[in-house]
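> Model the full structure from these sequences, guided by the hints.
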Amino acid sequence: MREHDVELFNRAQAQDEHALELLYDRYEKLLFSFSFRMTKNKFLAEEVVQDVFTKIWSRQRNFDESKGKFSSWLLTVTRNATIDMLRKKKETPYELDERDALHDLGPSTEEQIEWKERSEQVREAVGQLTGDQQEIIELFYFKGMSQSKIAESCEIPLGTVKGRVRLALKHLRNKLSQVNERGGQDDV
Amino acid sequence: MMSNTCDLLLDYFNNQLTKEQEEEFELHLLECEECQEELAELQQLTEDLPYSSEAIDPPSGMKQRVLSNVINGTNTPETEPEPEKQEQEKVTSINEWNEPSRSKKKSWYKPLIAAVLTLSLIGNGAALIYLSNDEETSPTTKPEETEPSLDTIQKMLSLSPSEGVNAEATAMMIEQNNKTNLVIQASDLPELEGEETYQVWVLEDGKPYRAGTFVSNANGNGAVSYLMNYQGKHQFDTIAITKEPNANSQKPKGDILLSSPI
Chain Y
54 MREHDVELFN RAQAQDEHAL ELLYDRYEKL LFSFSFRMTK NKFLAEEVVQ DVFTKIWSRQ
114 RNFDESKGKF SSWLLTVTRN ATIDMLRKKK ETPYELDERD ALHDLGPSTE EQIEWKERSE
174 QVREAVGQLT GDQQEIIELF YFKGMSQSKI AESCEIPLGT VKGRVRLALK HLRNKLSQVN
234 ERGGQDDV
Chain L
5 MMSNTCDLLL DYFNNQLTKE QEEEFELHLL ECEECQEELA ELQQLTEDLP YSSEAIDPPS
65 GMKQRVLSNV INGTNTPETE PEPEKQEQEK VTSINEWNEP SRSKKKSWYK PLIAAVLTLS
125 LIGNGAALIY LSNDEETSPT TKPEETEPSL DTIQKMLSLS PSEGVNAEAT AMMIEQNNKT
185 NLVIQASDLP ELEGEETYQV WVLEDGKPYR AGTFVSNANG NGAVSYLMNY QGKHQFDTIA
245 ITKEPNANSQ KPKGDILLSS PI
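Taken in order, these protein sequences are the chains called Y and L. Position 94 of the first sequence, counting from 1, maps to 147 under our numbering, and the rest follow consecutively. Position 114 of the second sequence, counting from 1, maps to 118 under our numbering, and the rest follow consecutively.
Misleading hints may appear alongside valid ones.
[Unchecked claim] Each computed DSS-like pair below joins lysine-lysine, with the alpha-carbon atoms no more than 30 Å apart:
1) K211/L <-> K257/L
2) K23/L <-> K93/Y
3) K202/Y <-> K228/Y
4) K211/L <-> K183/L
5) K93/Y <-> K237/L
6) K257/L <-> K196/Y
7) K93/Y <-> K67/L
8) K67/L <-> K122/Y
9) K237/L <-> K247/L
10) K108/Y <-> K228/Y
11) K228/Y <-> K142/Y
12) K120/Y <-> K237/L
13) K211/L <-> K142/Y
14) K122/Y <-> K141/Y
15) K169/Y <-> K211/L
16) K108/Y <-> K142/Y
Calculated directly from the structure, the hints in this document are not laboratory data. Just so you know, these numbers come straight off a predicted model, no measurement behind them.
See below:
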């Protein structure tokens, strides 16, 4: 029987190596790909994944079930670790050659199947946003920039950054629910 | 109405605050309902975004490396990470070569020195090199503005290609904080396939020691900076580059492509 994420997480925190490995297998590719999406750098992405699992293993991060899904929490921890890593490196990391980086999404775990479905929907929804909205989401969410950096990059007043970020994200949410609805009806 | 503290919300979400600011904001969060709601909203609105990432295959051996590092107690993060230990064993790749067409011989080592310096300033021995294009070079990384006196070049060598090989490579040993950094730059490298990597070795009486792993970019260029940190005293006599089936070879498996006596 498939154990719940939270059960594996708790066992991993109780120093159960097997549980840690199961949890690792379940999320390695998603966390690695997400961190790579942010850093464009395989070595940093690997460091981030190691950092995340170290935090789990050494009980530096605790998951509170009342605050949402384990996977969302794990992705937040990964994103924060990635932003930390980017800040430590200071430099903008180089881009890897596309041919080295991109591979087919070969779904094998339940998480990866969910990922594949969501991935297409989210990308379609993002594609429907204006260029400015896409840019601000990129800078805010994937580059993890500070408000002042975003203001500088987009050449907009500091005071307007928050409003624009929220607006772009809300547009994304609307587009996404349209995509979802259509997907549900067409049932492709 | 927004107080100044409310304005920190985005930067809090993006992990951009100092420790003090973060604590201040967390205290504020306890009593500001507006911020609580906005934070929850941000979390909810961004929840789907990670899934838009393209799936990338993790590098070979990553699981083993990560799990053994996690379990075998490199368990003191949050404090200063242990430099050099595991980070030097990394494959380096570059994308854009710095102005390869003109005055290559003269200019190539500048960005490398800058890279080595940057690494030492970060206090982190990761063997990663960031080569920036001239236009993009920010003031902090301009080679001219770094301290040239920090490092001394001990040796510069040109590696000779083996028969039938067309590649070129240069090795430089830079002394840095009483340690030696080996910087390799290579061009016209044959293309790699699959998990293959280029491996640098230093040899002492025929015994090889790993000295940096890298991959070439689409133009056949590659570079790596490696901190030579071996147990005991060594008198290396040869430096060589081989093509290996993957990044894990402890002994050379491929033929020597380039080499030079030290």
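> State for each hint whether it applies.
Hint by hint, here is what the structure shows:
Simply put, K211/L and K257/L have alpha-carbon atoms about 13 Å apart, close enough for the 30 Å limit, and the pair holds. The hinted pair formed by K23/L and K93/Y meets the criterion: a straight-line CA distance of about 27 Å does not exceed 30 Å. Between K202/Y and K228/Y, the direct Cα distance comes to roughly 27 Å. Compliance with the 30 Å bound is thereby established for this hinted pair. Among the hinted pairs, K211/L with K183/L is consistent with the structure: their alpha-carbon atoms are about 21 Å apart, no more than 30 Å.
As the CA atoms of K93/Y and K237/L are separated by approximately 38 Å, the hinted pair breaks the 30 Å bound. For the given pair, K257/L sits about 40 Å from K196/Y by alpha-carbon distance, which is inconsistent with the 30 Å threshold. Proposed proximity of K93/Y and K67/L is supported: the alpha carbons are some 19 Å apart, at most 30 Å. Taking the CA atoms of K67/L and K122/Y, the gap is near 24 Å; set against the 30 Å cutoff, the hint holds.
Pair hint K237/L plus K247/L holds up; C-alpha atoms about 27 Å apart against a cutoff of 30 Å. For the suggested pair K108/Y and K228/Y, the alpha carbons sit about 35 Å apart, so the restraint of at most 30 Å is broken. Between the alpha carbons of K228/Y and K142/Y the distance comes to roughly 35 Å, so the proposed pair goes past 30 Å and is violated. At roughly 55 Å between alpha-carbon atoms, K120/Y and K237/L are farther apart than 30 Å, so this suggested pair is violated.
A C-alpha spacing of about 35 Å is found between K211/L and K142/Y, which places the hinted pair above 30 Å, so the restraint is violated. Under the criterion of a C-alpha separation no larger than 30 Å, the hint pairing K122/Y with K141/Y is consistent with the structure, at around 29 Å. Distance check on the hinted pair: K169/Y and K211/L sit about 48 Å apart at the alpha-carbon level, beyond 30 Å; violated. Note on K108/Y and K142/Y: the hinted pairing holds, with a Cα-Cα distance of about 20 Å set against a maximum of 30 Å.
The structure is inconsistent with the numbered hints 5, 6, 10, 11, 12, 13 and 15, although it conforms to all the rest.
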